[in-house]
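Colleague: Please build the complex by placing chain U on the supplied structure of chain D, with the hints as guidance.
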Amino acid sequence: MPHAVYIVSSIRTPVGKAGSVFKNVRPDDLLSFILKSLLADNPSVDPSKIDDVIIGCAMPEAEQGLNVARISSLLASYPHSVSGVTVNRFCASGLQSIAYAADRIRLGDVEVMVAGGVESMSMIPMMGHHPAFNIKVFNEDNIGIAYGMGTTAEQVVNKYDINRDSQDQFAFESHQKAISAVSQGYFKDEIKPYEVITQSYDLDSQEVTQQSKIIFADEGIRFDTSIEQLAKLKAAFHINGSVTAGNSSQMSDGAGAMLLCSEKALKHFNLTPMARFVGFAVSGVDPKIMGIGPVLAIPKVLAQCGLKQHDIGHIELNEAFAAQSLAVIQELNLDPKVVNPLGGAIALGHPLGATGSIRAATLLHHLKRTNTHYGMVTMCVGSGMGAAGIFENL
Amino acid sequence: MKISQVGILGSGVMGAQIAAVFANANIPTLLFGYEAHVEDNLNNINSFKPKAFTHTAQQSWITAASFEHDLTQLSDCDLVIEAIIEDVDAKQDLFAKILPYLSTDVILATNTSSLSVDQIGENLGDFQSQFCGIHFFNPPRYMSLVELISTENTNPDLLDQLEGFFTSELGKNILYVKDEPGFIANRIGVFSIATCIHHADRLGLDFDTVDALTGTKLKRPKSATFRTADLVGLDILKHVFERFDQVLNDDPWHTYFKTPQWLNHLLEQHALGEKTKAGIYKKEDGEIRVYQTESQNYIKANYEIEASVKSILKTNVSRWINALRANQHPQSQFLYSVIKDTCLYSAYHLQTIAHSTRDIDWALHWGFGWEVGIFELWQANGVQASLALFLQDDTDVSTPSWINGVTDFYTDKGAYSPSEDDYAPYSKHVVYDHQLYRPTLMGESKHRQGVTIFENDSVKFFHENDGIAIFSLKTKLHTLNLEVIDSLKQAIAIAEQEFKAMIIWQDGAPFCAGANLYEIVAGAKLGMIDHQNLYTKFKKKAWQLLKPNLPSIEDLRPINEVIELLQQTLTTLKYSKIPTIAAIEGLALGGGCELLMHCNRRVAHTESYIGLVEMGVGLLPAGGGCKEMARRAAKHKDLFPTLAQYFEQIGLAKISESAQLAVDMGYLDENDVIVSQRLELLYVAKQQAQLMIHEHYRPEDINQTYRVGGSSAKANILAQLTNMRTGEFISQHDELIAQKIADTLCGGEVDANTEVNSQYLLDLERTHFIELLKQDKTQERIEHMLIKHKPLRN
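Sequences listed follow chains D and U, in order.
Take the first sequence: its position 267, counted from the start at 1, is 519 in this note's numbering, and no numbers get skipped.
Take the second sequence: its position 782, counted from the start at 1, is 786 in this note's numbering, and no numbers get skipped.
Excised from the complex, chain U in its bound form:
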């Protein structure tokens, strides 16, 4: 059965956001609420932060409906999800009220994070087999995890259908979980927060120190522990703690779920976290301050991470447990204790709450943004060796009996399942046939490899025996460096000879974060902007910047040559004899945006953040970005307003907040394909490649000319800049960069509507880029970005 229309019961923050998830996938959705509020609640969705809709126009897929008058409309819904307050009686009452209106083959679900799905559905009668729990994570647009909770009576076919629908059409990652408190993700994730609170208190560490330790350094999200708590809401955290405290009486770690005193204090002051602008953290006078439990005041964050701890965390994760345990510094002991507790807790409850170790690890990846799951980390450090250490420190800790014989949680056969006492393979649901490179956990085997055509430090070029070549970046954040550009040129040449199509695809986000700034600033500092100048202007400072992997100094080429090579290569990509397709997810910035614009078609994940952001480092797009935008503007009868829009995008370094918005910005075409499931990108790209092959794809005419805006269009932009500069909204250097962007986009100072070719615009781009790169202020901007990771305004 196709899910044609969805009903969401409850138009509060969660219900409204869930409705937006369906609306974003162009699915007609009825949002039910009380008549007095539901229209307002619907209209309010567009102001949610982070944004719930991928495009404001998506709102038209949602229709407000009232509990009072519109329940008859439920008969048209194939899926009905309840998302009202977390109260069993209220939920049961609502279900009782709506049952008479439901279609007989409806799928009925409750979105709960803390209640028993069984209990909510106990009075559903004939509908029990069509009932399950669907647990979205907040914010549901951005959190890929959805936990599916079946009851004893749930028809397995229904779950199968939901798994397919949620995975492919909504782009979610499904985990089947048991009807246990907190299911899987919150049970382990909240325990992890509880253990951090416990050990921080024991070892006297402040909140900000804990966050510095448990964030990206520990391969967890930047929001770490307490910032995450602020984002979730401290009231909700307390609610979950209380619920766990109430129902998990037999849990050996039961005492960890006692609500700490400071949490009550904060809640008394109505400091609920992000939503009340104060929680564990608070922004005051432009600086972030952190709550101090002793003084009950907010003070300026002032943590220092012990160097020895920092260096341990920089080593391979397989050394962490031993090294952290051996280091007596409280910060190290803290991390060791937190890891140890989370390992033991996860193992102890594994059999009760999950099917295999994989379920817990993916729940932490997808639900809490951990880069390394707890069992992955444990296995990397040796299952039995680590366990022995844990037991030395926690002599009376409870461990499950199954663990004694286990040496690996993950093997080629799959993930360890205590109930089967064997390794469980992945779900064979057909929906995963479209996930060509379905991700696996550390220790599991990769599902596919492909046949390598060539590979080096920066790229892998391969195929899968279907006539389609795939070009993938291996660089950090998939940035473009000289080796990538050289390799791309080589790859296109090979693909034109031996393949029918070529796809640019990365095994994971981002698509491409732009050009490697290290190489650019190195060249600039070495005086190698427009000529070979290897040793004369050598500056020691330059090399201090250049710690990351760089080609040896002899391999550096003057930057104008590199830019020209990039322009030529992207031109070749655009006009190659075979169709070229970009498969995009996550960031596609600067050179990354130019790369995708020069492909013949694009397949983009909904969450694609695309933009020409060179302005941020004092430059302009010179890999054909300005040229492509000028070419796109020429398709409009009146060039001027389009050029003004494109100028604003480039001049303000704007990034699209979704693929849909990237269409409005001209980075994606109307004909490009947007997919909800990022793991289907390569599959869909291949389908597009086949389509283009069968359409007998031919490249556009490389000699085609087009109109440019010329001096009048440029003058319009200059007028705008004059006012911004006079009003001191932009700096002199901003104005200079913007003037060069304007000049390039408008094709210089030729007459309006003059026909030009691409090479003319590429030459303008390159000339202006080089002139800007010679400016000290631009070099300062690049250095600042490299060192501080944020733009400098100078």
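The shape of chain D in the complex, shown without the other chains:
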């Protein structure tokens, strides 16, 4: 009988647009800030009792390389005894890290874990600084590996007959739902405002100057967008295509993390759990239509957990593209009302490997707010995978 896994805290940084507010903020700084905040929020927890820090990152190199999990936990003054590991399942990395952490507790091996995700797309581009494909990719069977994410979205458009209008409508609604959520202060509980300190050389005064600015909120939401504006954008990935910059997710910077405990630890540290981790599944699909991944992962995880689709009252479906989100909703006949009630990556941004942990924070806080029983975080994954995780509100 597996042990129960409880989530005590789930927090995140605001999400910045790539090249914007966090463009000069190192991802290990973003992450160590969140790791520190996690301890500050739970003063009763003895940090030395944390067994391991598992962090997801999709392009783990340069500023987020060298095992960013270990480096960031040391930077966050975690005891030397707390180890760290970085995991990569591209866009599911931040959910995969939670699943791995939960599994350690479920087995009964450990009592306290930290899991999270981090990505700076400002500093590390998609595919990293030195892409180097294998030439063998170009035989017919594997050519989908070479497909850019936008190209796969156009394939999904064709295969599942998704039209441009519905994609733009979906994108518009993502922004509108996010605007509404912000106006109700919904993200405040999960976001830890980040103080950006910049050191630069001032050409006029000829001095190195330090400036500080606190970032409180997600940057990607377009308050002034309209269907008309979205309709004007040019297709970016096919000459006659329908996937545009406006109906795709944004490139972003951010970090998120959560504290997971066993029942024993809850009692020992006198903690109140937010939620229970229920289950996680991944599944592979043809890389050419990677966006359809959740169509396999969602039924798989439901079956594992003995739940039905209608049991899930809130689904955080990562909006890599409006096209693939619509295809997933259509194929599984998901109830659109339960999908992304606070908007998604089209409005809120998608810092690849951090997204799983960031959206988990959004989900857990909103489940609490709305008193919803079960919630899910799910996403498609580059090179053809889908991932889904289920949480139970307590």
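Treat the hints as calculated values from the structure; they're not laboratory data.
There could be a bad hint or two in this list.
Said to hold, decoys possible - Taking beta-carbon pairs under 7 Å as the criterion, some of the chain U residues facing chain D (in silico):
1) S715
2) S716
3) A719
4) N720
5) L722
6) A723
7) T726
8) N727
9) T730
10) G731
11) E732
12) F733
13) E753
Beta carbons are placed, not taken as given, at the ideal position from N, Cα and C, and that holds for glycine.
Modeller: The following block gives chain U in isolation, referenced to the frame of chain D:
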């Protein structure tokens, strides 16, 4: 005095572009404007079309300054040019305002195209001797003409200094002009437009017909008459017409400057030409439409040029006047009348507006892009014979008395000057000592010849008794053909024995427009791609294409042999015992780019447009172009991003928009020399040759190996292509060509960072080139380029 800093007063379109001319020459420039706009105006320069900066980084030479607060900074300027609105009072007020801030030895100038320089400067007091007019043409980066206008008080030493500075440092062509309305270029150039309007109306010709007649066929720019008017701006044209109408009361052709009704109509509709996207022409639904005066609508251009007129214009210009006059077709009568009027008008005003006939002709060459000046054309047709014809048709026309005794406008002694009643020689200013082959007009003697080493239909190989051999192309657009390649090989061998250095230089742009496609497609159509196959696959269609001069069929060699010969010859050029230097201006495309890349140093004019464009005709660079780019990439620690950049350049057939940008693209080296004045290219190239000789130049090691990107770098490019092909942004044939370019640039599918030698890459280039040439789609692309002069996407 050295001009160290320049101040430009006025940050409007003209002021900003003039500032860019100085910035392009790395001269610190203060751009003055009103505080509210000047920063924006400065930042806007980088978005001008055509581009005002040779490189976006040149902007750093300009500092914005405000009329309100920064006038004290004027004291640091050695040259101050006013370029605000064309209004005498405004200009005078501004000068009054700035005088207290000027350095005592400043050179002060006004850039005006229509006002009197004398009048603008009348209140300058002590500064009058330091004041003149400097008339730039629009767009100033690209138009080489600068008219200098002195007043009675201008110190001649100052003009001398400006002539040297503008000519050498800014690469401009200077004409001294008198303070007459329109100076020289606009006076004659605008008259030429006026006479076209007049006769087109009289003979019922449409705008597009006039443009077809007065463009390249008449040896004038492609934009001809009305397209030029659109580019200049119809509002400006009307302004000049009105000004001429106002001040040229005694001009016998005065009535020509009445603003035509249709011009007013267009202006009422705010159709000002290019800048409002509608003028005499308008692009609608992807097609060019032309304004029709009767219907006041735009219709699809639909002109037909009379065959007999076309054939006259194909004959030598010396036959034009007689033949055009004799042909009764309205189009012929139109051209004859326009030429006749422009001849008579230029002669009538010569003494008032210019010193000699040369001034008018160069003004038309440099200011309006005419290939043949009006007096050159007249003289070619016989001065007195043509005049007699003109007078038969225009019995009461006014002619100047001096013309009666003149049989030539140009002789070995120079150009005719009515005020001297003699032939005036060229300016002896020292700056022209660096223009070794200073151009001359038809009828004047060439300034220099050189000693010929050998010469044939395609090349001239010569020297000037200084130990430096010069290799010059004579082919059309200086294209490479088999004879050029053979000659180059021979020339290098001679130069290595008998000379200390060799320069590849052309007497005029372009440097080289690439390989002769006729020869390539001929070979392909004859089935002579990789073997001798003279008669078996003879296709009649091939020869229909091959009207231009081609070697006889017996002289054709299989193309793979020709490519190998080109590769060997360029390798010899690169590794010859003596330094080889390319002097580049204008286009250097395909084989031309490969030619310059294989020289040991390059001297390039700012306006050099360099690129490996073989993709456009379905091929890849196979004269060592890919090999050279792979070799250049190997100098970077991380090969991959550089290879990706070079692939993109070749794959998209990109052309550098300046010499500075060609450095970024890797076609020019950081050590190469960029010059502003194209006529100084050979001089500077010789200086570089001397330098290399004195440095005891030795070639690089021919056996040197270098790293290639191999299969992983290639796979990266293939990934990019896969997405472009899947998104249907490129055709299947595009993808095939691009794959072959990628394979060559990356050195095939060897391991990343494998060391290879040049021969390995040359063999890859040649193999891929031949495979592509065998493709029908590539042959279609070449034919299309030859027939339609633009690339085919198939």
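Colleague: Take the shortest C-beta to C-beta distance between S715(U) and chain D; is it under 7 Å?
Modeller: Holds, because the Cβ-Cβ distance from S715(U) to chain D comes to roughly 4 Å (cut-off 7 Å).
Colleague: Against chain D, with CB atoms and a cut of 7 Å, does the hint on N727(U) hold up?
Modeller: At about 5 Å, which falls below the 7 Å cut-off, the nearest Cβ of chain D leaves the hint on N727(U) intact, so it holds.
Colleague: Could you check if L722(U) really has its C-beta closer than 7 Å to a C-beta on chain D?
Modeller: holds, 5 Å
Colleague: Report holds or violated for the interface hint on N720(U), using the least CB-CB distance to chain D and a cut-off of 7 Å.
Modeller: Holds, because the Cβ-Cβ distance from N720(U) to chain D comes to roughly 5 Å (cut-off 7 Å).
Colleague: Does the nearest C-beta of chain D fall within a distance shorter than 7 Å of the C-beta of E732(U)?
Modeller: With a closest approach of 5 Å, the E732(U) hint holds.
Colleague: Checking hints one by one. Is A719(U) an interface residue toward chain D, by the C-beta closer than 7 Å rule?
Modeller: holds, 4 Å
Colleague: If you take the shortest Cβ to Cβ gap from S716(U) to chain D, is it below 7 Å?
Modeller: holds, 4 Å
Colleague: Using the nearest Cβ pair, does F733(U) come within less than 7 Å of chain D?
Modeller: holds, 5 Å
Colleague: Please check whether T730(U) passes as an interface residue: C-beta within 7 Å of a C-beta belonging to chain D.
Modeller: holds, 5 Å
Colleague: Hint A723(U) vs chain D: min CB-CB distance below 7 Å?
Modeller: At 4 Å from the nearest chain D Cβ, A723(U) passes the 7 Å test, so the hint holds.
Colleague: Next item in the hint list is G731(U). Is there a CB on chain D closer than 7 Å to its CB?
Modeller: holds, 4 Å
Colleague: Using 7 Å as the Cβ threshold, decide whether E753(U) counts as touching chain D.
Modeller: holds, 6 Å
Every hint from the earlier list agrees with this structure, and none is contradicted.
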